[in-house]
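Visitor: One-letter residues, chain by chain:
There are 8 protein chains.
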Amino acid sequence: MKYEDLGFARIDHDRKKRRGFPEVVLCEGKTDEQAVKIIEALAKENDNILASRANSDLYKLAKKSIPELRYNELARMIILEKKSLPRVGSMLVLSAGTSDIPVVEEVVETASIMGNNVESINDVGVAGLHRLLDNMDYLKKAKVIVVVAGMDGALPSVVAGLVDKPVIAVPTSIGYGASFNGLAPLLTMLNSCSAGVGVVNIDNGFGAAYLASLINKIGE
Amino acid sequence: MKYEDLGFARIDHDRKKRRGFPEVVLCEGKTDEQAVKIIEALAKENDNILASRANSDLYKLAKKSIPELRYNELARMIILEKKSLPRVGSMLVLSAGTSDIPVVEEVVETASIMGNNVESINDVGVAGLHRLLDNMDYLKKAKVIVVVAGMDGALPSVVAGLVDKPVIAVPTSIGYGASFNGLAPLLTMLNSCSAGVGVVNIDNGFGAAYLASLINKIGE
Amino acid sequence: MKYEDLGFARIDHDRKKRRGFPEVVLCEGKTDEQAVKIIEALAKENDNILASRANSDLYKLAKKSIPELRYNELARMIILEKKSLPRVGSMLVLSAGTSDIPVVEEVVETASIMGNNVESINDVGVAGLHRLLDNMDYLKKAKVIVVVAGMDGALPSVVAGLVDKPVIAVPTSIGYGASFNGLAPLLTMLNSCSAGVGVVNIDNGFGAAYLASLINKIGE
Amino acid sequence: MKYEDLGFARIDHDRKKRRGFPEVVLCEGKTDEQAVKIIEALAKENDNILASRANSDLYKLAKKSIPELRYNELARMIILEKKSLPRVGSMLVLSAGTSDIPVVEEVVETASIMGNNVESINDVGVAGLHRLLDNMDYLKKAKVIVVVAGMDGALPSVVAGLVDKPVIAVPTSIGYGASFNGLAPLLTMLNSCSAGVGVVNIDNGFGAAYLASLINKIGE
Amino acid sequence: MKYEDLGFARIDHDRKKRRGFPEVVLCEGKTDEQAVKIIEALAKENDNILASRANSDLYKLAKKSIPELRYNELARMIILEKKSLPRVGSMLVLSAGTSDIPVVEEVVETASIMGNNVESINDVGVAGLHRLLDNMDYLKKAKVIVVVAGMDGALPSVVAGLVDKPVIAVPTSIGYGASFNGLAPLLTMLNSCSAGVGVVNIDNGFGAAYLASLINKIGE
Amino acid sequence: MKYEDLGFARIDHDRKKRRGFPEVVLCEGKTDEQAVKIIEALAKENDNILASRANSDLYKLAKKSIPELRYNELARMIILEKKSLPRVGSMLVLSAGTSDIPVVEEVVETASIMGNNVESINDVGVAGLHRLLDNMDYLKKAKVIVVVAGMDGALPSVVAGLVDKPVIAVPTSIGYGASFNGLAPLLTMLNSCSAGVGVVNIDNGFGAAYLASLINKIGE
Amino acid sequence: MKYEDLGFARIDHDRKKRRGFPEVVLCEGKTDEQAVKIIEALAKENDNILASRANSDLYKLAKKSIPELRYNELARMIILEKKSLPRVGSMLVLSAGTSDIPVVEEVVETASIMGNNVESINDVGVAGLHRLLDNMDYLKKAKVIVVVAGMDGALPSVVAGLVDKPVIAVPTSIGYGASFNGLAPLLTMLNSCSAGVGVVNIDNGFGAAYLASLINKIGE
Amino acid sequence: MKYEDLGFARIDHDRKKRRGFPEVVLCEGKTDEQAVKIIEALAKENDNILASRANSDLYKLAKKSIPELRYNELARMIILEKKSLPRVGSMLVLSAGTSDIPVVEEVVETASIMGNNVESINDVGVAGLHRLLDNMDYLKKAKVIVVVAGMDGALPSVVAGLVDKPVIAVPTSIGYGASFNGLAPLLTMLNSCSAGVGVVNIDNGFGAAYLASLINKIGE
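Residue numbers (my numbering), protein chains in the order written: chain E, 217 to 436; chain R, 217 to 436; chain F, 217 to 436; chain A, 217 to 436; chain P, 217 to 436; chain S, 217 to 436; chain X, 217 to 436; chain U, 217 to 436.
Next comes chain E alone, as it looks inside the complex:
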């Protein structure tokens, strides 16, 4: 199996073949120089690449050598999409509140470049149930639903109780005090009284979209 050794990184060029999409770069924790070199190495071998948790300085640096790069500031993502994959299936992203939107954006960008039809409905938290119930049509036509929520993290339980499709729950670090940086909604989601919920790491929009994409592409 093939990989490229940069010394500080070992680019797993086999991953696209093995897992269906090239390695995604988690920029946090890497120096800007390291991140840019990894992006360049990936760009040489792939049409579409994605880098997450990237700040705008890194984007500007990377854009110098790869002008086609695009940046989504809310999602903190750098995107190269030279040959769009056809969008298939039907993924729905729900958020409990406006503050969860950066994570929603990370889900949408990831799902899009990986070739999924994706729609998002924001601010439908359980404090005003009618906002959710008004959108039952969207819930019914989706193949897979990603639910993003902080604070009490109650939305995935309610959503999973209404539908017969997989729900991927993303706790967010939105909130304060006894939210303990997302621990509260994480525990809520793991204890969901409705079955059919899979949970990913706090603020991990990328991971939720990746899993939802694997599900959404079944049968397409």
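These are computed hints drawn from the structure, not numbers from a lab.
No incorrect hints appear here.
DSSO-like mimics (lysine-lysine), calculated; alpha carbons at most 30 Å apart, straight line:
no.	chain 1	residue 1	chain 2	residue 2
1	A	Lys357	X	Lys218
2	S	Lys357	P	Lys232
3	U	Lys233	X	Lys357
4	F	Lys299	R	Lys356
5	P	Lys232	P	Lys298
6	X	Lys433	U	Lys357
7	R	Lys356	F	Lys233
8	F	Lys218	A	Lys218
9	R	Lys260	F	Lys356
10	U	Lys233	X	Lys433
11	A	Lys232	E	Lys356
12	R	Lys356	F	Lys218
13	A	Lys356	E	Lys299
14	R	Lys232	F	Lys356
15	U	Lys356	X	Lys233
16	A	Lys357	E	Lys357
17	U	Lys232	X	Lys357
18	R	Lys356	F	Lys232
19	R	Lys233	F	Lys357
20	U	Lys218	X	Lys356
21	P	Lys218	X	Lys357
22	A	Lys356	E	Lys433
23	S	Lys260	P	Lys356
24	E	Lys356	A	Lys233
25	U	Lys218	S	Lys356
26	P	Lys232	S	Lys356
27	X	Lys232	U	Lys356
28	P	Lys356	R	Lys218
29	X	Lys218	A	Lys356
30	A	Lys299	E	Lys356
31	X	Lys232	U	Lys357
32	X	Lys356	U	Lys232
33	R	Lys357	F	Lys218
34	P	Lys279	P	Lys233
35	A	Lys232	E	Lys357
In this text, all values refer to a predicted model and were calculated from it rather than measured experimentally.
Mind docking chains R, F, A, P, S, X and U on chain E? Use the hints.
Guide: Showing chains R, F, A, P, S, X and U alone in chain E's frame:
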């Protein structure tokens, strides 16, 4: 102010005057002998008394000297009610699941002896929202609502979003794994995205009823 | 039921009817642009609005389009109060120390705009009991008491032991070391040996005032 | 929507229509009498039912009124399967060690009665990688993979790195000391360096199977 | 320096000289045979010895070879006191509730055999402040005060605010739910808003008495 | 009892009489204006005052109205000492490492102004035992010993094993990773295998000195 | 690579070649039937085998088919040693207290069967330093030292400060209260102020011995 | 035994003789002045010294008086190496990802100056197993292996399962959300299902190298 010194306990006979109801005995952690003596001392001065977290052995022992005692096994409560207080106001108790019923029973017994009209509706958790929404009439006519829930603890957020009255939330230790003995629903409830929720200790049905009673009696 | 879809937010205009006060904006976690647009949308439909955890930059931005806005820097709140509600009932706010005052201010602003008579007494922590006992008259005449305390969080237990009215306890993140950002007083309050205490999230002055207001308005 | 009110429980008979399978009974926390009555109520309306975390005493009691019941002791499940659903798709269950088998059994029973083809391969933990790599053919032909692991919980990361299909990870409470009853593998799985992993509660074989079943049935 | 090697234990016979009292045996975690042999070895060299967290079976076994032993069941302590030390100074032990008495007994036994005048006042928790304030004379005449409390653990803060002498605080595991086996009162006591409080381990009556004895003997 | 109400603070002027030293100002969490006003109010009634966790800006502000103020930058303390109390007794402060010195300084400043003879010996942690054992003479002549340590927090156990006097242990937040901001040494100290150790909050040099001062003054 | 598939277990017969010793059976969490079958399968292929965390019932059951088995009750280990490996090198095991001996026994049994010279010195905790310092000769002649300690877990820091050889630290669950089942000594050891310490899981005597054996055999 | 007293520090000049390498300076938590004086004191007595967690300002300051100093920015280490020790043995350092490189650098610098042959292979985490398996030759020829990993921390379990040599595991704080600053990989490593793993503190590259050096030098 008046109290009675038993050596191992100082019965706060002033409490009824100061707080409206005699001291309630938390039996857990006391020897059976201690608990019985405290119950006897209270029974000498009061018509109505309540002992919580009592097992049936203790009940049998106490009943020997005070035959009027009654025992609610699910609630693990010993009750003496020689002169019932008139029931006033309107307290509603909701539970998310059948397993929460022991705590519900503790709420109902406490609320009753303290002189509140109280009704309970069980098993209306958010996994099947229609079970709750079907009971909106009950929610609307209550002065105060106690919500008992384990696992994801999502019910109080949903309830508080539907009404304009105080909601007292009781997390229960029902569940397993990442419920961490009730930590999960406790955090959920403290982070409720709906305002108007006050939280008490895990499994503390007595405390919830006491607070709800103080609220329910306002204006009566 | 009515709401307004801004894309990033779904303004729950039905909330005033359903819950008695319009949606309150939690600014933290939202971009300034989002927060201002939500404030503007609410201001079009309501006379009185409240935005919490807002910094002064956001206030200045919002004031450009809504000059009637007022800012309470300690409470970090933006307030619009075009038609004051009549002040009713009697809410008392106690704080254990001077450092708890920002949370006290959040309680007072929220309670005021929601139409409650509210008074605060600061720095009456249990290290000097006489400061509290000197104010028994205030405690006795209140319908509901909000107690704000950090560090050991012992004040609500003491207060609830003295009165026969609901006590809403707010732990604060004041303190250091084993306070663990408010975890210590939170646990203290949940374990209060005096019944009649409902607890809200750490630093959640708004939530405490909202719940206390629901209680204070009973019978008015 | 339809449900049956037993007083202590509200049987959600609508759930089969809404979610594809009747309500599953979590027996833990219910009295035997409650559990049996719920099982009876479900059995009147459904051909296939499932009760989890049931001990053998409860099974014997329930079998008196419903002789067709079957009991899987390792899985602690009571099963009624009068009209088997056709088995479709391809679900694979992997366990890290022999001690994880009770959870594996819960997955297999749940998946079977819900109509899934399911196979399990046990004891393929990362301490002896070749045991896993020898089974790559099974991994490749599965539509969805459930991975059950305690202690270090490392197996899902390794599995997800090898395939392009959804991985549902179940941490178990197997282990001791710093496993903290399953907290360690739970955190490991949430932090998986391979994307495509959804996590459920500790020891929640039922929940993993339910989610995997929803995925496995897509396109069938 | 002198010690005796039993293979499984190294009796620190020098300790009495170095620290003023012979080694105290913590029985928990030792086999009965080990504990008895250690007690015997100590009894050969000392007039007064103390063994903590001992059950009655161990006591009966040890009494066979050392008939002078005495057992305090509540304190779970085995005591040998052949030559009583003169009681000096003035140590006061306060407990918040009846359930804390086993720890109080451990304090009293330890303090007594180490030669301290010691008195205890039970059940003076902050839910009824007058019970404490009525005993101000005892607080004033003590040289050192040990305060034992579970649940909210608020009593040491209140006591230390009233006096100018050292307060040793012992959190107890009494309580339930968010007490988390004594974590709540432990944190409360560490965050005491009154200075002058030193904290020992949860339920560690022995340790509190040992420290209080060192203090109480100063100047005697 | 006497106190002065500043609105935002209630100066407990009775404290000096009741507890032997005027209220000490914890500046953290107060605005500079509040802190200065409290310092001024105290300075009007007392010769000696102390303010902790103060930054140099606050010091400069306060010095404008009270020129006699002194500032200890390492200890972050503002000191007014117009009439030095006579230094009595013998307090010893030990630190495990150089990084613990800010806390040592807080101990020394507090102990000095409260009228104690105090000496400190730094950097005698258990990684080089001989550094401690070389100072046995100092340990032997002290009446009370304060031990300051971060990281493993092992020093108090070793010290208490060597002497027959009270040891006050102060965990510090020095360290990283699994120190969890001082949680590790805090737990170590609470579990000390040597009796005679009282623990205060993480980094709480003031509290340790206050308690040690109460002890040190016994018999003087 | 070779393994044997028992259905519920996959015996890694390659492990002896790959890692130097056959798979060790962790009995906890396995049914007795499973554990016996695994022991039998290993016994067919190996002269020496080891099973940990085994109770005496399991031992009796296994002994029926393999009469050469031996049982160490304190260590809870089943041992088969048909061809003893030559004992090489020099491993020293130190324990802080008598209660740590079960873990010491697990270390000694494991180290012995794996072919190491191993000696243990018990009850040399830091509460009586001279007990440790008296044994410096043993410390100096060892190649590797295993240190077993509960409660404050301070011993490894002290030992590592005295020698220039690897120290393997094993926290034990001995203790109570704020030991939190071994969390306290675990954190202490991870934060050791002396370098040269590697930590294993709480109570994991087997793991410590395995690692120490790998080290002890270097150069033999 | 010899040490030098600087007042704020006690330089343990005996350590080189006792433990084989002079004291290493942990700069974090010390003032720049303190750190420089300690470095100067060590440089007077030793040819080779090491200071960890040092920022570049401190380096510049120290270089003024000791021009031979070198700085490794990634490792945050200041190095003086006037007489290189001969490099012996064979230490291998593996990292799971690029973000772990700062810790790898700390390992490599420490190991080098202490006289070890050391090689590192980066970015061989379990998401792409072939990257690790391709380097089996390096694993086989090493005497000791240090494994650095954040997030799921799964790499040490996999590595230890492949070899028969000691593995020192270093969890890193790389990651987000439920990594809880390195708690997740720390727990994973302590629960490794492969024996032969010793764990050090989060991000403690120095400690890992120190321990690995002690092992690597055995027999050299």
